[in-house]
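Student: Residue numbers (the numbering used here), protein chains in the order written: chain R, 174 to 518; chain A, -6 to 341.
Hints listed in this document are in silico derivations from the structure and should not be mistaken for laboratory results.
Ideal placement from N, C-alpha and C gives every residue a C-beta, glycine not left out.
Some hints could be false.
According to the in silico footprint, chain R covers these stretches of chain A (three or more CB under 8 Å from chain R) [what the hints assert, rightly or not]: (1) 106 to 116; (2) 149 to 161; (3) 173 to 186.
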Amino acid sequence: MSRTLTYWQAIAEGTVQAMEADPSILVAGQNVDDHKGSYGTTRPAFERFGARRVVDTPNSENAVAGICIGAADQGLRPLVVHTRADFMFLAMDAMINLASKWRYMYGDKGGVPVVMRGVVGRGWGQGATHSQSLHATFGHFPGLYVAAPASPADAKGLLAAALQADTPVVLMENRSLYPIEGEVPEELTPVPFGVGRLARHGTDVTVVAASLMVHEAERAADLLARQGVSVEVVDVRSIRPLDEDLICESVARTGRVVVADTSWARYGFSAEVAAVIAERIPGELRAPVRRITPPDCPAPVSWPLEEAFHPSAAKIAEACLDLVGSDGITVPVLTGVDAGFSGPY
Amino acid sequence: MPIPNTTEDPVAHPAALLREMVRIRCVEEELADFYRDEQEMRTPVHFSVGQEAAAVGVCAALRENDLVYTGHRSHAAYLAKGGDLTGMVAELYGKETGCSNGRGGSVHLTDRSVGFAGSAAILGEMISVATGAAWALAQQGSSQVVVTFFGDGASEEGVFHESLNFAAVHRVPVIYVCENNAYSISSPLSARQPANSPGTGITERARAYGITAERLDGNDVALVHEATRRATAHCRAGLGPYVLELDTYRWREHVGPGFDTGIDRPEPEVEQWLERCPVRRGTAALQASAPDAQEPTAQEPTAEELVARWDAEFRDEARRAVAAAKAAPYPTADRLTDGAYGRPAVAN
Ligand SMILES: Cc1ncc(C[n+]2csc(CCOP(=O)(O)OP(=O)(O)O)c2C)c(N)n1
Ligand SMILES: [Mg+2]
Chain R
174 MSRTLTYWQA
184 IAEGTVQAME
194 ADPSILVAGQ
204 NVDDHKGSYG
214 TTRPAFERFG
224 ARRVVDTPNS
234 ENAVAGICIG
244 AADQGLRPLV
254 VHTRADFMFL
264 AMDAMINLAS
274 KWRYMYGDKG
284 GVPVVMRGVV
294 GRGWGQGATH
304 SQSLHATFGH
314 FPGLYVAAPA
324 SPADAKGLLA
334 AALQADTPVV
344 LMENRSLYPI
354 EGEVPEELTP
364 VPFGVGRLAR
374 HGTDVTVVAA
384 SLMVHEAERA
394 ADLLARQGVS
404 VEVVDVRSIR
414 PLDEDLICES
424 VARTGRVVVA
434 DTSWARYGFS
444 AEVAAVIAER
454 IPGELRAPVR
464 RITPPDCPAP
474 VSWPLEEAFH
484 PSAAKIAEAC
494 LDLVGSDGIT
504 VPVLTGVDAG
514 FSGPY
Chain A
-6 MPIPNTTEDP
4 VAHPAALLRE
14 MVRIRCVEEE
24 LADFYRDEQE
34 MRTPVHFSVG
44 QEAAAVGVCA
54 ALRENDLVYT
64 GHRSHAAYLA
74 KGGDLTGMVA
84 ELYGKETGCS
94 NGRGGSVHLT
104 DRSVGFAGSA
114 AILGEMISVA
124 TGAAWALAQQ
134 GSSQVVVTFF
144 GDGASEEGVF
154 HESLNFAAVH
164 RVPVIYVCEN
174 NAYSISSPLS
184 ARQPANSPGT
194 GITERARAYG
204 ITAERLDGND
214 VALVHEATRR
224 ATAHCRAGLG
234 PYVLELDTYR
244 WREHVGPGFD
254 TGIDRPEPEV
264 EQWLERCPVR
274 RGTAALQASA
284 PDAQEPTAQE
294 PTAEELVARW
304 DAEFRDEARR
314 AVAAAKAAPY
324 PTADRLTDGA
334 YGRPAVAN
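Bound conformation, chain R alone (with noise of 0.2 Å):
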């Protein structure tokens, strides 16, 4: 059975049912338990379990990150909650340094089953420092499992794998994928890392995407079915471990591939799918890779700047059109950098 959630409500309900299933899990972050909850995503879990179970810490991400990691050596199965990705750099000693190395460095079977989300800004001048998608980054390591869910329902599924995972995990979540709506199943049913989903069936050219890209990516598809260009779209889901498999079939099938990404192109995540591609199917690509990622800059606050610095579904729309060589179609311009939120702050 699955009806209608917005991605925070998958998100909220799917910690809920984690924690009653589990008692060994807990919540921890800044302001976990105040009436916004992580954009709600915390709050349902404190009304369920108490400040027991879904603790307010001080502002200390990197003990907190260590303190979470000796509480997963002893038996506890936190989830840690970042308001801002870009906070998770104060974690990144220890998550990266120790987490991602335990199970390898002790030979201990079990390893550290942290568990850490981190929410990336969009819009309303998050700026330089608020909107840094730290998916790639993360992904960089061996030891952890990290995952940027596009649908309500990955993000359940997913989140309820990361709880039931071994291995440290993080989760990347696009601020402006909260209120988008999906089906999402009642159960908690955990989606497995490592395994993609094809979010739209075409065969003039594959958009490979995570998180909020997937939508752009879909909304880039709509536009060009009317114009006779069939996209499609590959929502990786995790992006350690990849889906390889499916990005190289699908790539095989089309010829052409964009990738699009919310972080920037040099040693991203685009610069990984298109090395992938590049070793494993180089015969197959009619036209070169194209990634479609932020400017090579900071993010700025300025709106126009920051429309123009934000990768979009027009510019998605504009690179396909470019591989599969349509000279005379120009694409309507979409405004807005923001899939579903309207702001303010």
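Assemble chain A with the ligands onto chain R, guided by the hints.
Tutor: Using the frame of chain R, we list chain A with the ligands on its own:
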């Protein structure tokens, strides 16, 4: 343009302190209205309404070439240090004429011509940066001091403790100003720090590093000013860092122009702090200090009359800054990557 190298430590008259508080209050209230009604300032803002005495009392004790670094709640310190109002307002509107050319927003203000070195959004970051700036200046034989403003919540970050330790060991001439408004967003201090038992507060933690620290009523601008004069004298004498913990309270919601009374903070508590309004207390203090406090003459306006006059003047100034910001151009998209490596600088 080099900042003049003064050697005098300023002493501000109560009227000057009050006037500056009124200015900041009026500017922020006006901005909050425009922000709410027109939604054209697309940048998250953290207003200091209710906390003006901290910025004003401290900055009035600084020399022009002393430096200030702050966290996210930065408007008051920026203005109190002499930061250009039109540049700040244009920054909130994301305009090319903004103090950070519209790139940084409310949480990344700067006006280096008056020693407002910068504000930053990541909690605690500027605590270490200010420490390093002061360390460098001292090593170069300068008598400048560096001040950093941050909240009670930022004192929970490791960087606060690490910076204090470093500054104590190296006798760095830095003044750490903690604006303790007892909240971190919706989270009360008691949920985050064991500050209710004696010996555990922010001031006491600073003392444990051997740093001279004072905790005082942060809504009494004269007290804040006097304490800062002690702090700058201490720093300039080579005695190392100083901590000022100023008890205060924000009137608005954490971010944005609205109010969180009855939502995140109990109404009686808010009411009690409204009673302790720094502007009203400054007005009363000024009136009490007037030689003819009992019978104001026709020529000598009362403190309240002065405040009313300033109020009109500064609201007008704020509205003019808003009008100028609205009329100013946005940065154009072709300059999006200016300032990145290999590209021309953002500012001309
Ligand atoms: C490293 C980091 N963690 C969390 C945040 C989110 N955040 C922004 S302001 C704030 C509250 C800070 O409280 P305090 O330092 O007391 O300053 P106040 O807002 O009360 O002036 C928080 C948690 C942040 N900006 N940076
Ligand atoms: Mg505070």
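Student: Each hint needs a verdict: does it hold in this structure or not?
Tutor: Now for the hints, and whether the structure bears them out:
Residues of the segment 106 to 116 of chain A lying with their CB closer than 8 Å to a CB of chain R number 4, which satisfies the three-residue condition for coverage. As drawn, the segment 149 to 161 of chain A meets chain R at 3 residues by the rule of a beta-carbon pair under 8 Å; at three or more, the given contact holds. Note: the segment 173 to 186 of chain A has 7 residues with beta-carbon separation from chain R under 8 Å; the three-residue rule is met and the coverage holds.
Of the numbered hints listed earlier, not one is contradicted by the structure.
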